[in-house]
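Participant: Work out the full structure, taking the sequences as your base and the hints as a guide.
The listed protein sequences correspond, in order, to chains A and B. Position one of the first sequence corresponds to residue 1 (this note's numbering), numbered consecutively onward. Position one of the second sequence corresponds to residue 1001 (this note's numbering), numbered consecutively onward.
Note that these hints are calculated values from the structure, not bench results. Ideal Cβ placement from N, Cα and C applies to all residues, glycine included. No false leads were mixed into what you were given.
Here are some chain B residues the structure puts well away from chain A; computed CB gaps all over 12 Å: (1) Ser1012; (2) Glu1015; (3) Asn1022; (4) Ser1052; (5) Lys1056; (6) Arg1060; (7) Lys1067; (8) Ala1068; (9) Ser1082; (10) Pro1112.
Ranges between beta-carbon positions, derived for each pair: (11) B/Asn1066 <-> A/Thr86: 35 to 45 Å; (12) A/Met54 <-> B/Asp1078: 39 to 49 Å; (13) A/Ser107 <-> B/Gln1080: 16 to 26 Å; (14) A/Lys18 <-> B/Pro1112: 41 to 51 Å; (15) B/Gln1080 <-> A/Gly40: 25 to 35 Å; (16) A/Thr83 <-> B/Ser1008: 22 to 32 Å; (17) B/Asp1078 <-> A/Lys57: 35 to 45 Å; (18) A/Glu62 <-> B/Arg1060: 35 to 45 Å; (19) B/Glu1005 <-> A/Pro61: 18 to 28 Å; (20) B/Gln1031 <-> A/Leu41: 16 to 26 Å.
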Amino acid sequence: DVKVTQSSRYLVKRTGEKVFLECVQDMDHENMFWYRQDPGLGLRLIYFSYDVKMKEKGDIPEGYSVSREKKERFSLILESASTNQTSMYLCASSPPRQTAEKLFFGSGTQLSVL
Amino acid sequence: QKEVEQNSGPLSVPEGAIASLNCTYSDRGSQSFFWYRQYSGKSPELIMFIYSNGDKEDGRFTAQLNKASQYVSLLIRDSQPSDSATYLCAVNAKTSYDKVIFGPGTSLSVIP
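Facilitator: What follows is the structure, given as structure tokens:
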């Protein structure tokens, strides 16, 4: 089975802190994604990556950056956390481009910014 | 107009009944359609996908696609309390890159 592991299940940070959310997948998937999920808004794509060192902005990239130095690891960075970034963050991976839509999700990180 | 729309619910059905979940999308160029199930406090998991007009059955689940009307639905036959979850409709939007767009989800409650 595909395993997508997010480093923290719950995280509490203060406004202005730099926050790192880590995600590792063990199925050699090319594609990795970061979503945030908010009530009533569904899942919104923040950033994605189709290859090592490659990144593309999703729908709501403002205030975030990403890093993909190794194929299995995709990190989401909040440069200066703000209260409106309090959310559930979900990492996902998928097989090669032709079947990129079939997403496998990690268990999520509930981030609270105070 | 939102790209993928779903009734937020909650949708309540008695155990053993058919649950019908609906989704509409705005991009006529969409090619691939997915249903994810998300239990409370858990991450989404893919349960069905459909690419062609018509019905696709998998056990108690049937996905239905009508591209002309731009809607996709999920039927759950013989609903069980364990089916109580939020169901997310997702659509592949063919833009400059493959991107999956999610609807807000429909909460389903199956009453014993």
